[in-house]
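Chains as they are written, first to last, in my numbering: chain A, 2 to 340; chain B, 2 to 340.
If you're looking for bench data, these hints aren't it; they were derived computationally from the structure.
Note that the structure is predicted; figures quoted are calculated from it, not measured.
Do not rely on the hints blindly, as some may be mistaken.
Which copy is meant is left open, because identical chains are indistinguishable; a pair holds if it fits in one copy or across any two.
The calculated PhoX-like cross-link candidates involving lysine-lysine, where the alpha carbons are at most 20 Å apart (straight line), are [to be verified]: (1) Lys266 / Lys254; (2) Lys259 / Lys246; (3) Lys266 / Lys246; (4) Lys249 / Lys266; (5) Lys266 / Lys250; (6) Lys80 / Lys94; (7) Lys77 / Lys92; (8) Lys319 / Lys93; (9) Lys171 / Lys219; (10) Lys250 / Lys219.
Protein chains: 2
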Amino acid sequence: MIRIAIDGMGGDYAPQAIVEGAVLAANEFEYEIVLVGDESSLKQELKKYQVCAGRLFVHHASEIISMGEQPVKAIKRKKDSSLNVAIDLLKKKEVDAVVTAGNTGAAVACATLNLGLLKGIKRPGIAITFPSEHGISLAIDVGANVDPQPDHLLQYAIMAEIYSRCVLKKRSPSIGLLNVGEEESKGTERTKEAYRLLRDSGLNFVGNVEGRDFFSGKCDCVVCDGFVGNVVLKIAEGITDVVAKLFKKEIRKNPIAKLGAFLCKPVIQAIRRDTNYEECGGAPLFGVDGVVIISHGGSSGTAIKNAVRVAAQSVQQKINHQIVTEISQNEKELKLDNS
Amino acid sequence: MIRIAIDGMGGDYAPQAIVEGAVLAANEFEYEIVLVGDESSLKQELKKYQVCAGRLFVHHASEIISMGEQPVKAIKRKKDSSLNVAIDLLKKKEVDAVVTAGNTGAAVACATLNLGLLKGIKRPGIAITFPSEHGISLAIDVGANVDPQPDHLLQYAIMAEIYSRCVLKKRSPSIGLLNVGEEESKGTERTKEAYRLLRDSGLNFVGNVEGRDFFSGKCDCVVCDGFVGNVVLKIAEGITDVVAKLFKKEIRKNPIAKLGAFLCKPVIQAIRRDTNYEECGGAPLFGVDGVVIISHGGSSGTAIKNAVRVAAQSVQQKINHQIVTEISQNEKELKLDNS
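For reference, chain A alone in the conformation it holds in the complex (with noise of 0.2 Å):
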């Protein structure tokens, strides 16, 4: 049986959220889930709960990486922080994958440092899934490596390629790289040579995309340096929280206004389950040694629930394994290219 480890003790709203988490997917899938983080708070939590016998364990771990803590300096000063407990015991193969909505600086830093990278690639990223006009997005690094070589950014459409035909389960994923302008002569040194790249790849290559392109579901994988990439999951995070700020200070003035927001709100709930990231199921980190699904800090139950699912589907589709097979062929294909 599949085994997931869920840092207990990472995220907003931890070990609450994360534990409600950790009971739906032993209830709903068939997992065994080790808890790991301070065991007296988590059995405390876990009184709330009925759980399905034999699928839920808790691993204790004494320290906690808060959000605000320096990545590096954390996970060497603690030791026994939940994080570096859960992924110690995947380094052990005791499980399968690890879940977190931790410090995200910090997973990584925790991952990269003790599984190592995967045969053949040269930098771990980050992808996160999101909502677009056509279904789900995968966008790739958004804050691992924010000063990336180009052919960084090939192998991150390698790896964005496979999760999102094995998992997000799209038929021939195609891969856009984020641009200025959609012509070829376009942007930085960088993207020009990204572009070339991924051109000859072999892969499923739509071209550039734009900014405006995100949101529109143009490709299925949208490949960018980790600076750009963060700057866009942090301005789309500040945009709604500015136009829902808004609009409440404009509905507080006017009392038909009010009245009509009451009546649109299965509207805004349709719009918001077709949008919710919580169904994404958190951002896998791709190119480490190990399955590592970094969920958003601020998840709820089910949001942890369905990073769990995904987890397990890396797992099962060996996505790793994958990965390791198709980055070495194409480093065997450039070669010859060159030779």
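Assemble the complex: chain A is given as a structure, and chain B must be docked to it using the hints.
Positioned in the frame of chain A, the structure of chain B alone reads:
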């Protein structure tokens, strides 16, 4: 009297919206407006309006650069385009400023090649004004310079500060550097060096800002490279489109929500008014030797009128003279620091 040339043929709704804007400006402000473009179309369009005597002139230009044309090729081939002719009037000092809603790349290339750069300026930059929670903010660069050096970013900050103070009427405008985290150590080599330059510049530098701060109004001027700035600009446009589409789609299914949306209309209009780019009046092209305002391609008459207003303010406040003085001052200080 200040004379402003308007590119009558540039923009998605040219010449109708442009002519409307020219008329509004001529009637509201005491400036002379020179509409540049195909004489017969412009005069035909002008028949719809009454204009203050002696305020609006038409200057013929036989060619049009369309929105999709390759900028440098277009300005070289179409010497008699409305854009080239308008910039030429500025070069010959027959007008004091140019407003265009046409092809942005062509406007940047045409202005840079024909007017040249201001003394001491290394690269031109496009700024955009946008609504934030605390009023109008400015972002620079949004696409003129996709791979800038750190000292280009410092020059952008200096130019943005002067414009925010003199035209947007901000007292001691604050400057933020767009980055992937708040700490000084975050980001790329470019942002780390730009951070040091900005910190030591004497500007009101508030440090790194993140994507989420873009619309929160954390600083008056966001400085960024033209690659990320361009992506952000296009994402912001894209997100509203996607949300509007989803909303319309869901509303169609639900008559009660349709009524609700109707009741919310005044609130949505109020938000639109508060966050209306039309009021901002277009994006100044900084660093070229002449006042050039680039308006949104979809500009309405009101947007064009406001672009004329900020163009005239830039002339009155002698923005370019102030830029040359402050840049030379800054260079001297840098030399002193290094000697």
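Tested hints:
1. Taking the closest pair of Cα atoms, Lys266 and Lys254 come within 20 Å of each other both inside a single copy (19 Å) and across two copies (13 Å).
2. In this assembly of identical chains, Lys259 and Lys246 lie within 20 Å of each other by CA distance solely inside one copy; the values are 14 Å within and 22 Å between copies.
3. In this homomeric assembly, Lys266 and Lys246 come within 20 Å of each other (Cα to Cα) both inside a single copy, at 16 Å, and across copies, at 17 Å.
4. For a Cα distance limit of 20 Å, the shortest separation of Lys249 from Lys266 qualifies both inside one copy, at 13 Å, and across copies, at 14 Å.
5. Within a single copy, Lys266 and Lys250 get their C-alpha atoms as close as 17 Å, and across copies as close as 14 Å, so both meet the 20 Å cut-off.
6. With identical chains, the CA atoms of Lys80 and Lys94 are at most 20 Å apart within one copy only, with a shortest distance of 18 Å there and 70 Å across copies.
7. For the identical chains of this complex, Lys77 and Lys92 are intra-copy neighbours only, at 16 Å inside a copy versus 62 Å across copies, given an alpha-carbon limit of 20 Å.
8. For a Cα distance limit of 20 Å, the shortest separation of Lys319 from Lys93 inside one copy, 18 Å, qualifies, whereas the shortest one across copies, 68 Å, does not.
9. In this assembly of identical chains, the alpha carbons of Lys171 and Lys219 lie at most 20 Å apart only when taken from the same copy (14 Å versus 40 Å across copies).
10. In this assembly of identical chains, Lys250 and Lys219 lie within 20 Å of each other by CA distance solely across copies; the values are 19 Å between and 34 Å within a copy.
The structure is consistent with each of the numbered hints, conforming to all of them.
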